[in-house]
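Novice: Sequence:
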Amino acid sequence: MHADLLAVTFAGFWADIGRSLREGFYMFWDTLWALVLGFGLSGAVQAFVSREAMSRRLGDHRPGSIGRASVYGMVSSSCSYAASAMARSLFARGADFLASMVFMFASTNLVIELGIVLAVLIGWQFVAAEFIGGAIMIVLLVAAGGLWLRGRAIDQARQHVEDADRNAAHHHADEALGREGWKRRIRTPAGWADAAGYTMSDLTMLRKELAIGFVVAGLLTVLVPGHVWSDVFLHGHGFWTSVENAVVGPFVALISFVCSVGNVPLAAALWKGGITFGGVVAFVFADLISLPLVLIYRKQYGGRMALRMLGVFWAVMSAAGLVTEYLFKAFGWIPTVKPGQVVGDTLHWNYTTVLDIIALAVFAGLYVLYRNRDRLGGGAGYAKDPVCGMQVETAHAPASTVHDGQRVYFCSQHCEARFVANPDRYLAAAPDSDSSDRPDDLGAADPAGLQGSTVDLTVLDPVCGMTVDPGAAAQVEHRGITVSFCCPGCAEGFRSDPDRYLPANATDPTCGMTVRPESAAAYRRGSDGSVWFCSPGCAQHWDAAHRAPVVLRRRDG
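Going by the numbering used here, the first residue of the sequence shown is number 329, and it counts up by one from there.
No lab work stands behind these hints: they were computed from the structure.
Be careful, since some hints might not be right.
Stated by the list, open to error - Ranges between beta-carbon positions, derived for each pair: (1) 563 with 480: 41 to 47 angstroms; (2) 451 with 805: 58 to 64 angstroms; (3) 643 with 390: 21 to 27 angstroms; (4) 679 with 807: 52 to 58 angstroms; (5) 422 with 349: 44 to 50 angstroms; (6) 685 with 643: 43 to 49 angstroms; (7) 387 with 480: 15 to 21 angstroms; (8) 682 with 631: 50 to 56 angstroms.
What the hints assert, rightly or not - Dumping the calculated SDA-like pairs for lysine to any residue here, alpha-carbon to alpha-carbon at most 20 angstroms: (9) 627 with 745; (10) 600 with 572; (11) 600 with 536; (12) 511 with 600; (13) 627 with 640; (14) 657 with 572; (15) 600 with 560; (16) 600 with 453; (17) 536 with 619; (18) 600 with 627; (19) 627 with 488; (20) 536 with 388; (21) 536 with 349; (22) 627 with 746; (23) 600 with 552.
Glycine included, every Cβ here is placed at the ideal spot set by N, Cα and C.
Based on the sequences and whatever the hints tell you, model everything.
Specialist: In structure tokens:
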């Protein structure tokens, strides 16, 4: 009898798991077209909107700087980890701390893909709440931060950042990539190939969060009884119910370990379970205080500042959710009926299916562009984070390290720490380089860096083109960078006419684009001297037109 009962219980358990996974899949199917649209638009914005002036335009937290920080955040990636790394990078380069935090808030809460998925899963009212409440939250952050994130606390945080940068083996380019304006790039295959690269890398980076979000939302929807939510969130106490829900909503985000767009399916499950409108809004806003990110803040700015940030962020997220709820209640915008289910339980031939099929076709096109971006002339100045798969600009990479003589770039110190702890795990998963691009006489692996590296002048002699050991080479400081040489003779020749070998700007002979040698994607030693390229694709075209090419630098997509 006990065996039969156990078998029934076991079978029921797996049936519930199956229903939960099915619910999660239907959520994914309903939002598939929205995800492709959102990430596609985000990739295009990231590829065509320059960030080179960000840090110098965010020097204070006056209204103008806060407005610019909000706009910059809106056009950036929606990944919480990448947003925190970029905010730290801005702060390290002289941006105001509060302006950097506003950038981080905007990049995770005022982005296109989040709004589209919110509209599909729980309604347009939450999209409006995202942007209206997000603006309210930023105002509250500046007000509260002006009281609690200032003075000595900021000085200590900046000192912590400067000490970390001074002790780390990071190599940050101080100048932006030599790229053409967006009006020209938007008309080129290379520009759209880079946009596809951002889209694919963002999807790769967030795939775990999205998968976890849909699976956990399915489990919560199917397995968690309604009375559990009643026990966690107050009901029937008027104003105090709204307050408690707005405070507890961020706590659920803190312990859920799900961030970015991945928390929207959980928000849908919470809304179905009975949490108030303001509680859902506060939960969506609170992806920046998930526990892994709090630990990152501790590493970035120190323990005391991390605790202050947690307290201030939690308070303004809860307050923004509460204010948004009562504002929407005054306009009658809060939905009066909550759904009996988050999504349907069957697939139908309807507009969603049609949009999903179109989205899959668009995704296939983006993938083709991404896979062929070197051939199309894209990829200049970009690298792929081997841990999360994010596409980063090497000139502005928040973190990098040297492994086996190769420089590897990361979207954040979080990814760098994971790589350093187990580099073989991530290098084994990276695509193999095409050995045919390296001539046999170069011997060892490319010292410039892993896939996506730019020319590393610490190992490339620009006079003779030889690859050198920076530890034993003659070196010259030029325009703030260290240039290595194979011998004193080359170093002396460089000193006599540095612009001949390392001009401030060079012209890619294939496409005519202006290229800075410090951030060039490829280098050749031509008959008339050094030749610099914006991308491996342009270098390959040059090779095809010149017999016996000598490849001294390569950059994979």
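Novice: None of the hints should be skipped; say for each whether it holds.
Specialist: Comparing the hints with the structure gives:
1. 563 with 480: 41 to 47 angstroms: At roughly 44 angstroms between Cβ atoms, residue 480 and residue 563 fall inside 41 to 47 angstroms, so the hint holds.
2. 451 with 805: 58 to 64 angstroms: 59 angstroms, holds
3. 643 with 390: 21 to 27 angstroms: 23 angstroms, holds
4. 679 with 807: 52 to 58 angstroms: 57 angstroms, holds
5. 422 with 349: 44 to 50 angstroms: Check passed, 49 angstroms falls within 44 to 50 angstroms.
6. 685 with 643: 43 to 49 angstroms: 45 angstroms, holds
7. 387 with 480: 15 to 21 angstroms: For residue 480 against residue 387, whose Cβ atoms are near 20 angstroms apart, the range 15 to 21 angstroms holds.
8. 682 with 631: 50 to 56 angstroms: Roughly 52 angstroms apart at Cβ, these two residues keep to the hinted range, so it holds.
9. 627 with 745: With a Cα-Cα distance of about 11 angstroms, the restraint between residue 627 and residue 745 holds, given a limit of 20 angstroms.
10. 600 with 572: Within the cut-off at roughly 17 angstroms; holds.
11. 600 with 536: This hinted pair is violated, its Cα atoms lying about 24 angstroms apart.
12. 511 with 600: 45 angstroms, violated
13. 627 with 640: 18 angstroms, holds
14. 657 with 572: 17 angstroms, holds
15. 600 with 560: Since the Cα atoms of residue 600 and residue 560 sit roughly 14 angstroms apart, the hinted pair holds (cutoff 20 angstroms).
16. 600 with 453: Holds. Residue 600 to residue 453 sits at ~15 angstroms (cutoff 20 angstroms).
17. 536 with 619: 16 angstroms, holds
18. 600 with 627: Violated: residue 600 and residue 627 sit about 37 angstroms apart, past 20 angstroms.
19. 627 with 488: Holds, at roughly 9 angstroms.
20. 536 with 388: 36 angstroms, violated
21. 536 with 349: Between residue 536 and residue 349 the Cα gap is close to 15 angstroms, so the pair holds against 20 angstroms.
22. 627 with 746: Given pair residue 627, residue 746 holds - Cα atoms ~14 angstroms apart, limit 20 angstroms.
23. 600 with 552: Within the cut-off at roughly 11 angstroms; holds.
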